[in-house]
Every structure is written in structure tokens, then in C-alpha cells.
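Participant: Take any residue in the sequence shown, note its place counting from 1, add 1067, and you have its number in my numbering.
Worth flagging that the hints you see were computed from the coordinates, not collected in a lab.
None of these values were measured; they are calculated from a predicted model.
Keep in mind that the hints are not guaranteed to be accurate.
What the hints assert, rightly or not - Subject to a maximum C-alpha distance of 30 angstroms in a straight line, what follows is the list of computed DSBU-like cross-link-like pairs (lysine-lysine):
#1 1205 - 1227
#2 1263 - 1205
#3 1227 - 1299
Stated by the list, open to error - Quick list of simulated restraints, FRET-style, between CB atoms:
#4 1204 - 1226: 18 to 24 angstroms
#5 1413 - 1175: 53 to 59 angstroms
#6 1236 - 1195: 47 to 53 angstroms
#7 1188 - 1263: 31 to 37 angstroms
#8 1244 - 1215: 14 to 20 angstroms
Yeah, the Cβ is synthetic: ideal placement off N, Cα and C, and Gly gets one too.
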Amino acid sequence: MTENVVPETDAPGSQVDLADDAYSLPSRYYIDPEILELEYERIFYRAWNFAGHVSQLKTSGDYITCIVGRESIIVMVDDGGTLHAFYNVCRHRGHWLLEGSGHVDSIICPYHAWRYATDGRLIYARNSEHVPGFDPSKFCLTAVQVEVFCGFVFVNLDPKASSLATQVPGLADEFRAYEPRLDELHFVHRSEYFVKSNWKNVVDNYNENYHTPVVHPVLGSILDESYRIEPKGKYLSHVGDANPGLEGGFQVEGENFPQLLTWWLWPNLCPMSIPGGGFRVLHIMPDGPERTRETYDFYLPYAEPTEAQWRQIRFAAEVVNVEDVGVVEGIQRGLRSKSFDRSYVMIAPQNAEWSEHAVSHLKNLVLEALYGQSQSV
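My request is simple: use the sequences and hints to build the entire structure.
Facilitator: Here it is in C-alpha cells:
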């Protein structure tokens, strides 16, 4: 499974043709631990992964951590105001260094108290003066790429990866057309979920509207037939007119909310508009072949949400997302049935509002990343 070829049983022309847009990947791609290991190496360790927002990294010593596959990454502001990203691993014995987010004057390992500066340099190793030839410059924290894109912070474990901005031309303009204050937003809330389903099921569910009238009765009443999902390489744009009689958590007194705008960014990030301004960001990371960790972050123009904004947050996190969790966990149970091999993808002419064409788009990006095979939708 680690060779750079499509498995023989999946090759085009065999019984299962992975390139057929009318079908999903075979069920084992959502179950097999070996396939997940390949996805870690060829997708997540080579892609730009979401870490947070610049509002969480204002002064020297501010830090956030994020999970990328099996790795933990620290993003920190140094004494000169520059952002750095490192593997969250002490160079002495490999202990993790920091958890969550916060502020420190220096990074101190909780095991043997090795100390690192905010730029990753080793500045103290206890008793090292008694070790002949010990050179602290050889034990700096291992750096990874970090980039700020529209106020959001991303990391990439591949030192050869091109910048995120060059990989998604046009996305920054779309973001800023909706929310010009991106760099000034405030992080206000995070919800976290562990979902009993493969990460691709979660992404597929996000990127199709076919299920919305059935699974999301309130959200389904908001959207109309104008809703479209447009593939644009490594990102997708979701745009739809919103019903003026908004209900539930989408109702914001005194605000004009004519459209629902959401996006998907390869491989696992879902930025969404918030009525009245701001962004909510759903981040999807595999935590096993049949388990996914979701973080749902909310960023607003003001540090203190209003009661109406808290209703939006609760509606998105406690209603809509919980409804989605139920169906993707149901899918995962069904994928283990010997009667089911792969899904049929409902692709509509002109990409109608219910079309599942974006599911095939993700499949093709996955195939290209894993095996160098690409088919356009």
C-alpha cells in the first residue's frame, strides 16, 4: 500500500474503476488502517493545515497547538513578533512540550526542564556544561512552514510545499469580499467532537446539499434552488440565496443576510460565513480510520458575542453539526456491511443545488494525492 501506484484491484479497467465519477471510493478506503497511513503521508503531511487565527498570537510567547495526523505542532510568536512553527517534541527524549493554547516566556520541557526560546533555540539544558562537546545549536526545535492567509494561520510539514496563496488563487478575494475585517476578527468559542466515522465521510457530507432537506429541517428551510457548489481546484465555493424569513439560530436582528456563503479548502477545512459578519471554521482531522476529530471555531468582529450571536453559535454547533454527526456515523456502520461496496454519486446537470458532484471532486483530489492519478469532474 506504500507503493506509488494504484492497487491492482482498483486500477482503471478492473472490476472497480476508481476514476468513475458516478461512484465513490470502495468501502475499504474508509476502513483500512494502511490507507489512512498513506493519507497521513501523502495528504496531511504535504498539505496546508489550519492552526488558528492571528488574534490568538498577538505578543511574544503567545502560542497555539494543532494536530496534523499523528503530529502535534506549536505555532508561537517570538520576541521580535515573528511567527514560528515547530514539532511539539523536545529534542532530548521526545516529550511533548505544550498543550492547547496560551502564553509562556519560554518553552520548558516538563520531563527534564530543557528550555527553548520563543524562536525554537535551545537556551538551557540542565547539567549540559558537564557533557564534553555538547552543542545546544544542534538541538533547536524542528521547524515547519507557517503561513498567514487572510488572518488565518496554517502550517505545512512539507518543506518543499508552495505557499497556500499560490495553491488557491482567487480564494483570498472571495473571503475578503464577504468579510474585509478578516485580520481583525476575534476568536470567541470552540466546540470539539470525536466522530465515529472516516474523515472523508465528514468532508463528503459537508460538500453536498442533497441531504439538507432531510437531515436539517431548519437549515433546509433557509436555502433555495439557487444554491450552488463550484469546484475550483483545491477549494470549493458554496453560494446560495437565503430565505428572508430566517429562523432559529440564523436570525440576527437588524442584520441583512441575503446569502449563505461557505467554502471547503483541501483537504479538510470548512470556513463558513456568519450572519452579521465573522467566520466559523470547521476543521476535520482523522483520528483513526473510523474516527474523526472535529474542531469548530467561531471568529467575530467583536470579542464579546451578543445574545443573538450566541444563538448562532449554539445553533451551528449544537443543532446542525450534531445532525451531521448522526448521519456520518450511520454511513460508517453501513460501510462495514458485506452487502455494500461503494456509494453511487448523484451528479445533476448544471450542478443543480442537490448535486453531489463535489463528492467526486474530493475523490479525484484524494486519488491524485495518493497515486498521482487525476480525473476532472
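Participant: All the hints need checking, so say for each whether the structure fits it.
Facilitator: Comparing the hints with the structure gives:
Simply put, residue 1205 and residue 1227 have alpha-carbon atoms about 22 angstroms apart, close enough for the 30 angstroms limit, and the pair holds. The suggested pairing of residue 1263 with residue 1205 is violated, with an alpha-carbon distance near 42 angstroms, which exceeds 30 angstroms. This hinted pair checks out: residue 1227 and residue 1299 have alpha carbons roughly 23 angstroms apart, not beyond 30 angstroms. One distance hint, 18 to 24 angstroms for the beta-carbon pair residue 1204 and residue 1226, holds here, with the actual separation near 19 angstroms.
In this structure, residue 1413 and residue 1175 meet the distance hint of 53 to 59 angstroms, their C-beta atoms being roughly 54 angstroms apart. Between residue 1236 and residue 1195 the beta carbons are some 48 angstroms apart, a value that agrees with the proposed interval 47 to 53 angstroms. A beta carbon spacing of about 42 angstroms between residue 1188 and residue 1263 contradicts the range 31 to 37 angstroms that was offered as a hint. Checking the proposed 14 to 20 angstroms range against residue 1244 and residue 1215 shows it holds: the Cβ atoms sit about 19 angstroms from each other.
The structure fails to meet hints 2, 7 from the earlier list, while all remaining hints are met.
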